[in-house]
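If you're matching them up, the sequences are chains G and R in order.
Just so we're aligned: 168 in my numbering is position 168 of the first sequence, and the numbers increase by one with no gaps anywhere.
Just so we're aligned: 60 in my numbering is position 60 of the second sequence, and the numbers increase by one with no gaps anywhere.
Don't take each hint at face value.
Said to hold, decoys possible - For each label pair, taking beta carbons as the anchor points, the in silico distance ranges come out as:
{"#": "1", "chain 1": "R", "residue 1": "T106", "chain 2": "G", "residue 2": "R5", "range": "22 to 30 Å"}
{"#": "2", "chain 1": "G", "residue 1": "I8", "chain 2": "R", "residue 2": "T106", "range": "25 to 33 Å"}
{"#": "3", "chain 1": "G", "residue 1": "T55", "chain 2": "R", "residue 2": "S35", "range": "50 to 58 Å"}
{"#": "4", "chain 1": "R", "residue 1": "V138", "chain 2": "G", "residue 2": "S25", "range": "46 to 54 Å"}
{"#": "5", "chain 1": "G", "residue 1": "T53", "chain 2": "R", "residue 2": "N104", "range": "34 to 42 Å"}
{"#": "6", "chain 1": "G", "residue 1": "V96", "chain 2": "R", "residue 2": "T97", "range": "41 to 49 Å"}
{"#": "7", "chain 1": "R", "residue 1": "Q103", "chain 2": "G", "residue 2": "A184", "range": "31 to 39 Å"}
{"#": "8", "chain 1": "R", "residue 1": "G136", "chain 2": "G", "residue 2": "T100", "range": "48 to 56 Å"}
{"#": "9", "chain 1": "G", "residue 1": "F92", "chain 2": "R", "residue 2": "Q3", "range": "52 to 60 Å"}
Worth flagging that the hints you see were computed from the coordinates, not collected in a lab.
We put the beta carbon where it would ideally sit given N, CA and C, even for glycine.
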Amino acid sequence: MASARLNIFENFPADNVNWAPRIASNTLQLHGIYIPGSISFNNVAVIQSISATTTKSDSFYFGLYSLNGATLSLANSASGSLSINNASAISFITLVTSATQDITPGYWWFADRGVGGGAGTRSYLVNSIAGIVADGVIGGPFIRGRYTVSTTGFPASIATSDLNAEGDTSFSYFTQYPYILISA
Amino acid sequence: MPQIPFAQNCKLVPANVRVISANTIYFVPFNIEDSISFNTLNVLLSVGGTNSQQSITFNFGLYSLTGSTLSITNSISVTDSVGSFLNQNPEKYLSFTATSATQNITPGTWYFGIRLSTSGGTSRISLYGGVINNPGNVFQGSFIGGRMTVSSSVLPASVATSDLDVTGLDAMFVPYILISA
Chain G
1 MASARLNIFE
11 NFPADNVNWA
21 PRIASNTLQL
31 HGIYIPGSIS
41 FNNVAVIQSI
51 SATTTKSDSF
61 YFGLYSLNGA
71 TLSLANSASG
81 SLSINNASAI
91 SFITLVTSAT
101 QDITPGYWWF
111 ADRGVGGGAG
121 TRSYLVNSIA
131 GIVADGVIGG
141 PFIRGRYTVS
151 TTGFPASIAT
161 SDLNAEGDTS
171 FSYFTQYPYI
181 LISA
Chain R
1 MPQIPFAQNC
11 KLVPANVRVI
21 SANTIYFVPF
31 NIEDSISFNT
41 LNVLLSVGGT
51 NSQQSITFNF
61 GLYSLTGSTL
71 SITNSISVTD
81 SVGSFLNQNP
91 EKYLSFTATS
101 ATQNITPGTW
111 YFGIRLSTSG
121 GTSRISLYGG
131 VINNPGNVFQ
141 GSFIGGRMTV
151 SSSVLPASVA
161 TSDLDVTGLD
171 AMFVPYILIS
181 A
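When you get a sec, could you build the whole thing from the sequences and use the hints?
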């Protein structure tokens with residue numbers, strides 16, 4: 001199929017959605033996604049909900065990986081933070097990308113990781129399914145799951161053999177991933 | 001055409017759950033964006049009801065549509081034992097392998113025929129997926145899914161879309177399907 005140039009891309013439609021806390025500190029999760037056209041990796045955002053009576057700050061970390069054989073390689077990353085003082089607020093957190101990149105069409109893996117600290121009751125817009133724990137690993141090549149190694153950053157490369165596929169009960173596992181919006 | 005590693009009909013697992021009736025054949029659309037080796041199929045199952053152990057078999061058939069006739073080109077199945085919440089979570093990924101034929105699925109709109117059979121136990125078997133909110137009239141465009149009006153113990157080799165029920169939540173439900181190379 002011919003590839004178009006995209007101005008916006010979201011990993012799932014932001015209509016039928018849910019909210020979930022950020023994943024555990026030092027945990028990295030990835031989900032495979034198909035990007036049908038080229039898009040400049042200029043603006044990246046997530047959506048946060050926070051309830052705080054004093055100023056609170058939270059950061060979000062995003063990684064973009066490509067898969068070659070049995071190795072995921074870090075192609076780019078983005079991070080951002082938001083300080084807020086509001087009893088109840090829903091906000092975009094705009095992430096700053098680490099490098100200029102024109103994302104090519106194809107399959108990419110979006111990564112997010114938990115960090116310690118932060119305060120206030122906060123959650124992120126995620127896909128609609130409730131936080132379930134599913135038995136039975138997704139069969140086939142790696143599509144979604146978590147890194148088995150505790151990490152404070154995005155590894156430059158990850159062997160798929162070091163990933164637990166979604167449904168692996170050795171991790172008490174949920175099927176929720178944050179909403180990611182990329183725009184040129 | 002490039003080969004893709006996986007294809008799914010929803011970007012991530014949706015929240016809707018729908019009971020699947022045993023021996024009812026459902027047909028659901030599935031768009032393939034580029035060629036993919038048909039090796040593995042995954043669905044997300046939800047088991048409810050009593051704690052009794054139950055054997056289930058899901059048969060998925062891959063159908064092409066020519067004119068108004070669906071014709072089977074491949075099939076894949078899995079048998080599993082579910083129930084007994086003391087040992088299992090209610091939700092479970094079912095992973096199917098061993099297709100009936102080697103196939104490199106070409107880009108386009110395909111359809112999956114789905115049949116469930118059960119034995120023993122009384123668990124309620126559901127699949128996660130998406131559902132259009134039950135329009136009262138028939139969609140006038142291309143076939144977008146439906147179900148057979150008579151029970152069947154096998155996936156049909158072919159079926160006319162005119163013989164399918166194309167209205168109602170049962171007919172319009174699309175389970176989340178993830179296939180991979």
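Hint-by-hint comparison with the structure:
1. Taking 22 to 30 Å as the suggested C-beta distance range, the pair R:T106 and G:R5 conforms, at roughly 26 Å.
2. Take G:I8 and R:T106: their Cβ atoms lie about 29 Å apart, and the range 25 to 33 Å holds.
3. Take G:T55 and R:S35: their Cβ atoms lie about 53 Å apart, and the range 50 to 58 Å holds.
4. At about 52 Å, the CB distance of R:V138 to G:S25 agrees with the hint of 46 to 54 Å.
5. At about 59 Å, the beta-carbon gap between G:T53 and R:N104 misses the expected band of 34 to 42 Å.
6. Evaluation of the 41 to 49 Å hint for G:V96 and R:T97 yields a pass: the beta carbon distance comes to about 43 Å.
7. For the pair R:Q103 and G:A184, the supplied restraint of 31 to 39 Å holds, since their beta-carbon distance comes to about 37 Å.
8. Between R:G136 and G:T100, the C-beta spacing of about 52 Å keeps the proposed range 48 to 56 Å intact.
9. At about 36 Å, the CB distance of G:F92 to R:Q3 disagrees with the hint of 52 to 60 Å.
The structure fails to meet hints 5, 9 from the earlier list, while all remaining hints are met.
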